[in-house]
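Chemist: For reference, the chains in residue letters:
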Amino acid sequence: MKNKLRLGVPARALRFQVLELLEKAGFAVDVSSSGHKVTIDDPEIECFFSKTQELAEWVGNGMLDVAIVQRARILEQSIKAKEISNFKFGNGIWDYTRVVVAVPQDSKFKSLKDLQNQEVFSRLPNITKKFFEQQGIKVKITRTTYPGEAKAEMFNKPLVDFTNTGRTLREHSLRIIAEIMQTSPCLIMNNEAFKDNWKRQKAENLALLLNSARLAMDMIGLMLHAKGDIMAALLDILPAMKKPTVTQLRGENMFDVLTIIDRKQARELVPRLKKVGCTDIVEFPLEKVVI
Amino acid sequence: MALKNKTREANKLVFGLPKGSLQENSLLFLRKAGFDVSLAPRVCQPKIDDPEIDCYLLRAQEIPKYVALGKLDAGIAASDWIFEQKSKVKEICDLDFAKKTVGRGFKWVLAVPQNSLIKSVRDLEGKTISSEVVEITKSYLKKKGVKAEVEFSWGASEAKPPLFADAVVDITETGESLTANNLRVIDNVFEVNTKFIASLTAWQNPWKREKIETMAMLIFGHINGHEMTNVMAHIAMGRLNNVLKLVGRFDAPAVKKITGTNYYDISFRCKDKQAREIIPALKKAGCAGIVQSTAFKIG
Chain A
1 MKNKLRLGVP
11 ARALRFQVLE
21 LLEKAGFAVD
31 VSSSGHKVTI
41 DDPEIECFFS
51 KTQELAEWVG
61 NGMLDVAIVQ
71 RARILEQSIK
81 AKEISNFKFG
91 NGIWDYTRVV
101 VAVPQDSKFK
111 SLKDLQNQEV
121 FSRLPNITKK
131 FFEQQGIKVK
141 ITRTTYPGEA
151 KAEMFNKPLV
161 DFTNTGRTLR
171 EHSLRIIAEI
181 MQTSPCLIMN
191 NEAFKDNWKR
201 QKAENLALLL
211 NSARLAMDMI
221 GLMLHAKGDI
231 MAALLDILPA
241 MKKPTVTQLR
251 GENMFDVLTI
261 IDRKQARELV
271 PRLKKVGCTD
281 IVEFPLEKVV
291 I
Chain B
292 MALKNKTREA
302 NKLVFGLPKG
312 SLQENSLLFL
322 RKAGFDVSLA
332 PRVCQPKIDD
342 PEIDCYLLRA
352 QEIPKYVALG
362 KLDAGIAASD
372 WIFEQKSKVK
382 EICDLDFAKK
392 TVGRGFKWVL
402 AVPQNSLIKS
412 VRDLEGKTIS
422 SEVVEITKSY
432 LKKKGVKAEV
442 EFSWGASEAK
452 PPLFADAVVD
462 ITETGESLTA
472 NNLRVIDNVF
482 EVNTKFIASL
492 TAWQNPWKRE
502 KIETMAMLIF
512 GHINGHEMTN
522 VMAHIAMGRL
532 NNVLKLVGRF
542 DAPAVKKITG
552 TNYYDISFRC
562 KDKQAREIIP
572 ALKKAGCAGI
582 VQSTAFKIG
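Protein sequence lines correspond, in order, to chains A and B.
If you're matching positions, the first sequence starts at 1 in this note's numbering and goes up one per residue.
If you're matching positions, the second sequence starts at 292 in this note's numbering and goes up one per residue.
It should be emphasised that the hints constitute simulated quantities derived from the structure, not laboratory data.
Every value quoted in this text rests on a predicted model; they were computed, and no experiment measured them.
Keep in mind that the hints are not guaranteed to be accurate.
Straight-line distance between alpha carbons at most 25 Å, and here's what the computed PhoX-like set of lysine-lysine pairs gives [said to hold, decoys possible]:
hint, chain 1, residue 1, chain 2, residue 2
1, B, 575, A, 37
2, A, 4, B, 574
3, B, 548, A, 195
4, B, 574, A, 195
5, A, 227, B, 548
6, B, 548, A, 82
Covered stretches of chain B (chain A as the covering partner; in silico rule of three or more C-beta atoms under 8 Å from a C-beta of chain A) [stated by the list, open to error]:
hint, region
7, 565-572
8, 578-584
From the derived model, a few chain A residues whose C-beta atoms are all more than 10 Å from chain B [claimed, not checked]:
hint, residue
9, 35
10, 143
11, 168
12, 172
13, 191
14, 234
15, 252
16, 258
17, 277
18, 287
19, 288
Even for Gly, the Cβ is constructed at its ideal location relative to N, Cα and C.
Chain A extracted, bound-state conformation (with noise of 0.2 Å):
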């Protein structure tokens, strides 16, 4: 198909942050009301629903030609495909996922090398198998499917599954002794469509509007005046993130700062700013932010 390109789109697990994602990088977004079918306002972009194993091997198979997969499936899965991008979320959090070793919380395993000749449940067998065999241990996988931690629990069985928050290990008395890998999702693309000049330009100018929008979340644009005389005070303070906008107010020795910065930042910095001198000190949101 010409000019158009195929994105395969989470149904599950992260399926509302990537939704609210392509919103925020200026799309308008439409789910059918089945819920199975998801509509952009960019003609050349069609989209579909599907789980992130299936969307994972669509694209390592050719039908589609860009999805939002989860790292680790796709070194589960062993995809061959391009990563043009990952991002910084997970399910109900905007931080990384972690596949964690977890085992029950009044159970004799204490450590990884306590797991010796256990069965291990494993959400990502493969994952797993690589891992303990680095570590040296010898295992029995068992693949399970989601949800892991309920079984883990019943059966008391080790388990290797992927955690956010680390609200459903707790709730299910699970105790994590190890991590195996940060995970994060990542626009994949096929090897194939990656040669076509126009479908990679497309894929990766999706990539850099999905990461503006998703940097914006973590940051604020700050806007003051400052005296010329504290303007070296101020500057050492401003972090370095991005050169901050300094224009000199006509006539006077004033100058306006415009600046962004990390979110969390905000708070320290905006009660120093004050103190070195600078007034009319503004906060505001942003939509988009390429560093």
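Following the hints, put chain B in place on chain A, whose structure we already have.
Modeler: Chain B only, in chain A's frame:
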């Protein structure tokens, strides 16, 4: 004091707000335009924080009628009911803006059963069409030069063909309800817009007219603001001209030299949708520190 009260009494604008599907959006844009409207459950007279406006929550179908009669000075109504009731009103502006949609909106369509032999409106000569909007349907048939009987439907029109009518003119947004009832759309009949309307008598009254125009201006300001966004980027002096070529088509790009550096700051306003094309292009042209926000000022 007494006199003052009296003038105030005379200077009241009676405003109709639609109940139902348009309600939420109508309240939203009034709020965005700076009017605080509070609505207690089951109360049909919402409170608005402007003593010169009296608000009534009414069925959307009835607002055009009351505005035409001058019982309401102004209101929000849908174009289909304005047409259907042949209401003579002053249309101030369109209000379809706030909702992001993917190329669709409410529209009245002509539909027939999936397996019907009727392929186009011409095949309906002498047949029966059921619809809630008789006037709209008749006017549509007249335009197409087709003579057919139009029967008023109280609702549930999807159920009518083939037993009770040969075709229906029904309202749809996604077409799902039609598909679920095994119907096939054969033509678009009428596209529905939300409109801000005023009564012709109120329009003659200078005070009311000014009040309505002010409201329209506030709402329009919000509409324009809603669509527009600001983009700012840094670019090295040597590449400035290339970037200016890219952004030249937008509203007055502002270019400032960043004090003490060889960099320039360019900022401009554009539509939200344009931002998603221009940002990757700016990045490619060598810009750094690209920021999009509706909140910072340009200049």
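Chemist: All the hints need checking, so say for each whether the structure fits it.
Modeler: Hint check results:
1. In summary, the hint linking residue 575 of chain B to residue 37 of chain A is not supported, as the alpha carbons are separated by about 33 Å, beyond the 25 Å threshold.
2. Taken as a hint, the residue 4 of chain A and residue 574 of chain B pair is honoured in the structure, with Cα atoms around 23 Å apart against an allowance of 25 Å.
3. Between residue 548 of chain B and residue 195 of chain A, the direct Cα distance comes to roughly 40 Å. Violation of the 25 Å bound is thereby established for this hinted pair.
4. Proximity of residue 574 of chain B to residue 195 of chain A is assessed by CA-CA distance (about 21 Å); at most 25 Å being required, the pair is judged to hold.
5. Restraint check for residue 227 of chain A and residue 548 of chain B: the C-alpha separation of about 18 Å stays at or below 25 Å, so the hint holds.
6. Restraint check: the Cα-Cα separation between residue 548 of chain B and residue 82 of chain A comes to about 40 Å, which exceeds 25 Å; the hinted pair is violated.
7. A count of 4 residues in the region 565-572 of chain B with a Cβ less than 8 Å from any Cβ of chain A is obtained; the coverage claim is therefore met, three being the minimum.
8. Given as covered by chain A, the region 578-584 of chain B passes the check, having 7 residues with a CB less than 8 Å from a CB of that chain where 3 are the minimum.
9. With a least beta-carbon separation of about 12 Å from chain B, residue 35 of chain A lies farther than 10 Å from that chain, consistent with its non-interface assignment.
10. Interface exclusion of residue 143 of chain A from chain B stands, the closest Cβ pair being 38 Å apart, more than 10 Å.
11. Taking the minimum C-beta to C-beta distance to chain B, about 34 Å, the non-interface status of residue 168 of chain A holds against the 10 Å cut.
12. With a cut of 10 Å on Cβ distances, residue 172 of chain A stays outside the contact zone with chain B, its closest approach being about 39 Å.
13. With 10 Å as the threshold on Cβ separation, the claim that residue 191 of chain A sits away from chain B holds: the shortest Cβ distance comes to roughly 22 Å.
14. Every C-beta of chain B lies more than 10 Å from that of residue 234 of chain A, the closest at about 12 Å, which supports listing it as non-interface.
15. Against the 10 Å criterion, residue 252 of chain A stays outside the reach of chain B, whose nearest CB is about 13 Å from its own CB.
16. The Cβ of residue 258 of chain A does not lie farther than 10 Å from every Cβ of chain B; its closest approach is about 7 Å, which violates its non-interface assignment.
17. Residue 277 of chain A, annotated as away from the interface, keeps every beta carbon of chain B farther than 10 Å; the closest lies near 18 Å.
18. Residue placement check: residue 287 of chain A does not keep its beta carbon more than 10 Å from all beta carbons of chain B (closest about 5 Å).
19. A beta-carbon of chain B is positioned within 10 Å of the beta-carbon of residue 288 of chain A; the least distance is around 4 Å.
In this structure, the hints that do not hold are numbers 1, 3, 6, 16, 18 and 19, in rising order.
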